[in-house]
Amino acid sequence: MSFKKDRSSILVAFPAVFVLTLCSVLPLYWMCWTVAANPQVRAELSLSAFRFELLGRTLLYNGTVAIIATAMGLPAGYVLGRGRGMIARLLWVLLPAALLLPSLSYAYGWAQFVRMYRHLVLPWGITFRPNGAADILRCIWSLAAWLWAVPAGLIGLALRRMDSNVQQQAVLDGALHWVTFRQLLGPIIASLAIVTILATQEFAVYEPTGISVVATEVRMVFDTGAMSSPDNSITQSGALGGGFASSDQPQRAAAAVATAAPLLAVTILLAIAAAWGAGQTAGSETVATGDWPPVLDVSKVTVAITIALLLLNIGVPVLSLIRSLYVPLSPWTMWKEFGPKVQGAILVAVEASAFALIAGFSSAGRWIRGSLALAGASFLIGGQLLAIALIRIWNRPGLYWGYDTSIVPLIAYAGRFGWLALAAGRATWTRPWREMRDVASADGASTFQTAFWVIWPLAWPTLLAGGLVVGALSMTEVPATVLLMPEHPQVLTPTLMTWVHMVRYDAMIEASLIMMATVIVPALVAVILTGIGLRALKAAMVGSPTAQTASQRG
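FYI, the numbering for the sequence shown is 143 to 696, going by the working numbering.
Do not rely on the hints blindly, as some may be mistaken.
Derived DEER-like restraints, expressed as beta-carbon distance ranges [claimed, not checked]:
(1) Asp580 x Ser190: 51 to 59 Å
(2) Ser583 x Thr640: 51 to 59 Å
(3) Trp320 x Glu577: 54 to 62 Å
(4) Leu461 x Val321: 53 to 61 Å
(5) Leu471 x Pro392: 23 to 31 Å
Derived from the structure by calculation, the hints contain no laboratory data.
Predicted model, so just to flag it, every value in this text is computed and none were measured.
Glycine residues also receive a C-beta, built at the ideal position from the N, C-alpha and C atoms.
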């Protein structure tokens, strides 16, 4: 029986190991090898005055994004964490779904708002010019209004996991706000770090008007092959071209790694801060809702502020896109024009989602220590470097069958977002799930039997939600898609990146709207499935007949 259990464990773990190796380990290994084997890259790792200024500018802009997003996320987090009734439930659905809207289209919506109402949003005498102060503020605001759901969700979860007895005592002492702030300090720090990381990886918001940050410089370096410098900056180079098929590709790839290296070092520090902050959340391993007294309920003013922010951050850019259209809004006409490329994006996203889903189910059956860290590392390097690594790995004789099809894009998307599917699988190794595994093991069940009869029947909604989120993010991923330029099938994002440079363009607006409508479907389904999964877990914890039967079968 011991040998059978060991063999079963290996078979269950193999899919996750295969996906992790192909999508994360190989690109990370290429990056490390590029730095170690290329003296020019090692020489460029030192910070010159220009690169120090570039790094500082990047952190200033995106750190400001994190501060604004976290400030907006605080009231929403209170509604999520201490709200009751329909408004709180709807917010749990709308905020995660809104986060999956395409950043490229979202920023274009805010650009249209500024174009139409600049006399209202800009003080008297200030002009709006590309790469100017007002343009930089527009980019910062666009990213903050897009990413505010991240701190809202972290703070909301932290509030729901807090010991309400401590807060009730704080109410009696007249120090509720101070005590709550101290308890939320960890999630707030995690929010600031996570939003900064996400914002630094988004080049599509800054690039159309020539704003120079690390992400835009990395793309420019990979396109031109020259190291980033005052004489070769995006602000000097103008429009960029996709030249990743040229003969000097290895040198350009190495130069891109050298350009991104200082920011990668900062990203590692931010990731450590985020992990520390998230770990400071008080409470048990399970999310408990509805167990706080009415005195801790969120105020009506906070609810009103949250609704206003929701309308501002989602309603304004979407309505601005619609109002900018010169032609009548016709979903059928839009689908006829953009349908083939949208279908291509959906196809690749479904493939990436299935790939990640296999890894998620496998990790729920047998967890491999360190797998989430490796998957997270391939996300932290950013979509551009991940795509460059895959281009260098696959763009060679004998591997064109993968490079010229959807295989490399789906590997890129699974490597970029697969950690979400693994995190869903890792959630099945918390305390309530461990208790069910122990019971099945005591009854003599093998690893596969435990997974098949006990874990997967209860965890499938959460695992499927993780795969759907990977698919939704794959449809809207810009950095990796723009560099990979999938042709078989073609997807819509590279075309959007070309059109985004135009001040107002009906095709860009229509394509943005149809992408938003398309991606919102898997996003909403994923949120609903997550709720179903949590209810299934709660039912199992109180000894539901379904859970008992599954345990007996195991």
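Honestly, which of those hints from before does the structure not fit? Checked against the structure, the hints that fail are numbers 3, 4, 5, while the rest are satisfied.
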